[in-house]
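Undergrad: Top to bottom, those sequences are chains S and B.
The opening position of the first sequence corresponds to residue 8 in the numbering used here, with each subsequent residue numbered one higher.
The opening position of the second sequence corresponds to residue 123 in the numbering used here, with each subsequent residue numbered one higher.
Keep in mind that the hints are not guaranteed to be accurate.
[To be verified] Chain S regions said to be covered by chain B (calculated; three or more residues, Cβ under 8 Å):
#, segment
1, 57 to 65
2, 96 to 105
3, 156 to 163
4, 202 to 210
Keep in mind that the hints were calculated from the coordinates and are not lab data.
Each residue gets a CB set at the ideal place from its N, CA and C atoms; glycine is no exception.
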Amino acid sequence: MGWNKVAIVGVGMLKFGEHFDKSYEAMIGEAYLAVLDGVQKGIDPKDIQAGWIGTCIGSLMGSELISGSMLSGIVGLAGIPVTRIENGCPTGSDTFRNACMGVASGLYDVAIALGVEKMREKTSDEGLLAIGSAGHPVLMRGGTAPAQFAPQATRHMHEFGTTKEQMAMVGVKNHYNGTLCPYSHYQYEITIEDVFKSPLVCWPFNILDCCPQTDGAAAVIICRADLADKYTDKPIFVAGLGMGTDYQFAAEKESFTEFIATKRAAQQAYKMAGIGPEDIDVAEVHDCFSITEILDYEDLGFCEKGEGGKFIERGDSKIGGKVAVNPSGGLMAKGHPLGCSGLAQITELVWQLREDVIPAQNEKRQVEIKRGYALQHNVGGTGVANSVVTILTK
Amino acid sequence: MSVGIVGYGVYVPRYRILVNDIANAWGSRGRGEKSVAGSDEDGITMAIEAAINAVNSSGIDPEKIEAIYFGTTSSPYIENYASGIIKEVFGLPPEVEIYEFTGSPRASISALKAAMDSINAQRAENILVIATDNRPSEMGSDLEVTFGAGAAAFVIGAVDTIATIENIFTYSTMVLDRWRHANDIHVRSYDYRYTREYGYINHVKAAVEGLLKKEGSAIDQFQHIVLQEPDGRIPKEATRALGIKKEQTEGSLVGLLGDTGSSSVFLGLAGVLDNAKAGDKVLAVSYGSGSSDAMTLKVTENREKKVSKVRSLNSYMEDKEYIDYLKYMKYTGTIQQAGEPAKLGLPPVSPFLQRSYRELYNFLGAKCKECGYINFPPSLRVLCIKCGSTNLENVKLSKKGKIHTYCINYYMPPPLEAPLPLIFGDLEDGLRYQALGTEMNPEEMKVDMPVELVLRLLTVERGVSLYGYKFRALKEDI
Numbered sequence: 008m009g010w011n012k013v014a015i016v017g018v019g020m021l022k023f024g025e026h027f028d029k030s031y032e033a034m035i036g037e038a039y040l041a042v043l044d045g046v047q048k049g050i051d052p053k054d055i056q057a058g059w060i061g062t063c064i065g066s067l068m069g070s071e072l073i074s075g076s077m078l079s080g081i082v083g084l085a086g087i088p089v090t091r092i093e094n095g096c097p098t099g100s101d102t103f104r105n106a107c108m109g110v111a112s113g114l115y116d117v118a119i120a121l122g123v124e125k126m127r128e129k130t131s132d133e134g135l136l137a138i139g140s141a142g143h144p145v146l147m148r149g150g151t152a153p154a155q156f157a158p159q160a161t162r163h164m165h166e167f168g169t170t171k172e173q174m175a176m177v178g179v180k181n182h183y184n185g186t187l188c189p190y191s192h193y194q195y196e197i198t199i200e201d202v203f204k205s206p207l208v209c210w211p212f213n214i215l216d217c218c219p220q221t222d223g224a225a226a227v228i229i230c231r232a233d234l235a236d237k238y239t240d241k242p243i244f245v246a247g248l249g250m251g252t253d254y255q256f257a258a259e260k261e262s263f264t265e266f267i268a269t270k271r272a273a274q275q276a277y278k279m280a281g282i283g284p285e286d287i288d289v290a291e292v293h294d295c296f297s298i299t300e301i302l303d304y305e306d307l308g309f310c311e312k313g314e315g316g317k318f319i320e321r322g323d324s325k326i327g328g329k330v331a332v333n334p335s336g337g338l339m340a341k342g343h344p345l346g347c348s349g350l351a352q353i354t355e356l357v358w359q360l361r362e363d364v365i366p367a368q369n370e371k372r373q374v375e376i377k378r379g380y381a382l383q384h385n386v387g388g389t390g391v392a393n394s395v396v397t398i399l400t401k
Numbered sequence: 123m124s125v126g127i128v129g130y131g132v133y134v135p136r137y138r139i140l141v142n143d144i145a146n147a148w149g150s151r152g153r154g155e156k157s158v159a160g161s162d163e164d165g166i167t168m169a170i171e172a173a174i175n176a177v178n179s180s181g182i183d184p185e186k187i188e189a190i191y192f193g194t195t196s197s198p199y200i201e202n203y204a205s206g207i208i209k210e211v212f213g214l215p216p217e218v219e220i221y222e223f224t225g226s227p228r229a230s231i232s233a234l235k236a237a238m239d240s241i242n243a244q245r246a247e248n249i250l251v252i253a254t255d256n257r258p259s260e261m262g263s264d265l266e267v268t269f270g271a272g273a274a275a276f277v278i279g280a281v282d283t284i285a286t287i288e289n290i291f292t293y294s295t296m297v298l299d300r301w302r303h304a305n306d307i308h309v310r311s312y313d314y315r316y317t318r319e320y321g322y323i324n325h326v327k328a329a330v331e332g333l334l335k336k337e338g339s340a341i342d343q344f345q346h347i348v349l350q351e352p353d354g355r356i357p358k359e360a361t362r363a364l365g366i367k368k369e370q371t372e373g374s375l376v377g378l379l380g381d382t383g384s385s386s387v388f389l390g391l392a393g394v395l396d397n398a399k400a401g402d403k404v405l406a407v408s409y410g411s412g413s414s415d416a417m418t419l420k421v422t423e424n425r426e427k428k429v430s431k432v433r434s435l436n437s438y439m440e441d442k443e444y445i446d447y448l449k450y451m452k453y454t455g456t457i458q459q460a461g462e463p464a465k466l467g468l469p470p471v472s473p474f475l476q477r478s479y480r481e482l483y484n485f486l487g488a489k490c491k492e493c494g495y496i497n498f499p500p501s502l503r504v505l506c507i508k509c510g511s512t513n514l515e516n517v518k519l520s521k522k523g524k525i526h527t528y529c530i531n532y533y534m535p536p537p538l539e540a541p542l543p544l545i546f547g548d549l550e551d552g553l554r555y556q557a558l559g560t561e562m563n564p565e566e567m568k569v570d571m572p573v574e575l576v577l578r579l580l581t582v583e584r585g586v587s588l589y590g591y592k593f594r595a596l597k598e599d600i
């Protein structure tokens, strides 16, 4: 058995999409209401002793300094300690991880982790370019978000013969899954041909190899495992937590065919949970770009190194396959609001493990839970050198 | 002691436009072609490539350069040493002085004369003299069809000279034929015939005649004659007036490169040196804004052994790509894509960049003495990132390598231009380096392709030109 000191007793999220009509603060408020509503037996907000908020809006906008009061101060919790987390693409999952550490340490009995991002407050042209150039103004000039992952695709194709068709299959699968998930930003299916016909963004990526820019907010309430019954009959336990890092700059990486940060995070989480990749029923993994999910299969141990392309081609990662990967639609269809993505992945996995996905009793969407473990994963940030892996169980 | 050229090098951008393609847009016709600087090039980046070639050919350790004399009419700055970065590229110490010469296309000869004076006065032994120009012209003007881009550099000294400089005669009066006021974006010109007759021919003739008289020689004693070439026609008229024979001016470049301003005579001389024989006498004549210098050079036996180290003018002339007028307007900055320009992560005048110049431009890595890993850039690393050792030593890095992996961005905000390759290259010393690609055809890019780093203009922000290395397909020596 794993760690299981912390229980998730409530999850909630907004439908991902373009919330032009909602303020950043309103999204926080709505996610907060959604998570309260998601606690099966109800919760008195006074029980929440501490909070963690994950957001990158400060960096995205370039002129904002967001701090903890952005959560407590606007949902009627003013007074409780709240820490803001920003840690690249794993911001949401690291927010969750830190909240878990707060409860596991014994300092707090009940805590909230909330992630929020308004990616669409800027035009898509201005979106992620500044972030791509972070770290050094000269050395990183011209960097973009896709340019952080596309070189891995080029190298993986070169070394293992992975094809653009196989990469496209990731989008095809995740877009299909997205049509089943009412929270997904995109609600349409695509074909391999659609991917090839879509505009070339950053070779070897066409636009349908890329996740969209999405607004979103999600929240999770956790408590000491022994207190979970007070709030729910179906607690989900945190079995393993891992976080791995790599070097600051992409050029310092030892390999362009893996994300070593992911491997390190996964090793820690599996060890803590006392399980292996073969025990995972369902996973929500980082698929910001098509190649990322292919590398994830390998780095998380779902298949051998270099076999990621064949793994998707064989259908091993679809719902009903060996391990269902990204049943929510993933970042690619559901969306990738940085500070929120990890918490939304956890939300999806909690629903899947409880076997009460929305819409209810949907056989196409509900993953069959055989072994009882789910895995959440993000990788990104400076040099794509930060990764968080969370393992959940019933 | 006989002062002369110890090493020489040139640089010509790879883009060309047919003069007719420009003239056609304005309802006229034209002949020949001219060189065009890429959108990430300016007088400084061109100067640096020429200077590196010159120092390589001289066989002199770059650390032996005691001063840089820089001549141009198109410096990016009116105040601030545009050429200061060249010192950083060569890793020269603060005592090395830089002098900038401007005012007319003869700025380069002014620089050369001053360098000679300094060596003759025994204040220095080796001076790097650089000519570079990429002059701005107004659309539809006579100058637009002539102004080209290029750079050339000489290492001047008194030991192991390729060619000695025997005599110089300068003739100068006040003439306003071409000028650019500090408030002007483009060069202006006065009446063509006035410029040709009263300006160029009068002064060139007087300077040459003065020189011949001074040294008691005759025009037919020169095997090679290099004239400043403001266009194809003016120098031809001058050769007639001076009785110069066609075979003496075989090195004419204007029909291939256009008017390269300060670089014109230097480039012509470099072309002559690529092929001259020991003992050849060379006459070089500059002109700009009412001043002309006539200069005699004599080629020595050393030429042959040094020329093998030179990327020849011919190699730059042959490596070319034609662009249309639309691309030309983009490259000259006449038109720019709409949209909010992509800003640097930090302002270009930040202390961050101030303390980074030497390591970025001289290209230094912090090599770990424990595990051998090369950390880059040194100012960001107190400990070796691989083993944690603090036993680091700065080393100069090779700029050649091959592509490990890459991608190509097809959507870029201004001033960046798509398609834009981003490359991770494995350099000869073992450092893996990330940089943008330049002058690359996306179709031809592949893993393991040989590449080299060249310094290019990354952006101009807050009135500051910021430079950084980019990968280019490796140009073979010679």
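Undergrad: Look at each hint and say if it fits the structure.
TA: Hints and how they fare:
Check result for the segment 57 to 65 of chain S against chain B: violated, 0 residues qualifying (beta carbon to beta carbon below 8 Å, three or more required). Counting residues of the segment 96 to 105 of chain S whose CB falls under 8 Å from any CB of chain B gives 0; the rule of at least 3 is not met. A stretch counts as covered by a chain when three or more of its residues have a beta carbon under 8 Å from one of that chain; for the segment 156 to 163 of chain S and chain B the count is 6, and the coverage holds. For the segment 202 to 210 of chain S, the proposed coverage by chain B is satisfied: 5 residues have a C-beta within less than 8 Å of a C-beta in that chain, meeting the threshold of three.
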